[in-house]
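Engineer: Sequence:
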Amino acid sequence: MALTQMKANKRIIFFAVVYILITLGLYGNMKEDQSMTIAYVLLYFPAFWIMGGLLLGFLLKFKKISIKTPIDFAAFILSTPLPVIAFLVIRSFSPAAQSPSYTREYNRDGHRHREVMYQYTDGQKERIEYYKSRDSVSESNPFPAEDVWLKDSVWTYYNTDASIKKQVNYK
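Letter 144 of the sequence shown, counting from 1, is numbered 143 in numbering that gives the first Met the number 0, and no numbers are missing.
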């Protein structure tokens, strides 16, 4: 039978869909309860991956599922931790995943101010951002009612050699 005439194995597709839904559920729970992140990373995800891998191995060994079409192969790959690991590796290189190296907050002129500094991997400054709370603050109420921050002051971006790349004025 030609490759184009073969039908995808519904069991492996079902397995992949269930596997992905459970993975997304675990990820959602982990994001909802940040205090449990370490338990998810060290216990829940590895336990699920081991059980899923064993079940997938048994299903393959006892010929309950087979990999004969490109769709079967894609479903098989999605039934492993490889897509999650690939996503995390790619995300770790994205600028949005970068965490600030320094954050400071203080009250001045009736508003809460926030300074945020980011660094290159070698420890050199990458940029400094300044924010001002939208809500006013006072001595009796030192924190803003809502966590809404407006860009403020002059943001400075640096090159890797510590020279100034650009400055953006948000005053």
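Bear in mind the hints are in silico, worked out from the structure with no lab data behind them.
A quick note: this is a predicted structure, and the numbers were derived from the prediction, not measured.
Backbone N, C-alpha and C define an ideal beta-carbon position, used for all residues, glycine too.
Warning: the hint list may mix true and false statements.
To be verified - Below, in silico cross-link-like pairs of lysine-lysine (DSS-like), each with a Cα-Cα straight-line distance of 27 Å or less:
(1) 150 x 67
(2) 67 x 9
(3) 124 x 170
Claimed, not checked - Ranges of calculated distance between the beta carbons of each label pair, as one might list FRET restraints:
(4) 120 x 25: 51 to 59 Å
(5) 76 x 150: 14 to 22 Å
(6) 159 x 6: 52 to 60 Å
Engineer: Take the hints in turn and mark each one as holding or not.
Structural biologist: Now for the hints, and whether the structure bears them out:
Note on residue 150 and residue 67: the hinted pairing is violated, with a Cα-Cα distance of about 55 Å set against a maximum of 27 Å. Straight-line distance between C-alpha atoms of residue 67 and residue 9 comes to about 12 Å, which keeps the hinted pair within the 27 Å bound. A threshold of 27 Å between alpha carbons decides the hint, and for residue 124 with residue 170 the separation of about 22 Å falls inside it, so the pair holds. Our hint of 51 to 59 Å for residue 120 and residue 25 is violated, since their Cβ atoms are close to 29 Å apart.
Checked against the given bound of 14 to 22 Å, the beta carbons of residue 76 and residue 150, roughly 42 Å apart, lie outside it. A C-beta distance of roughly 54 Å is found between residue 159 and residue 6, which places it inside the suggested range of 52 to 60 Å.
Hints 1, 4, 5 from the earlier list are contradicted by this structure; the remaining hints agree with it.
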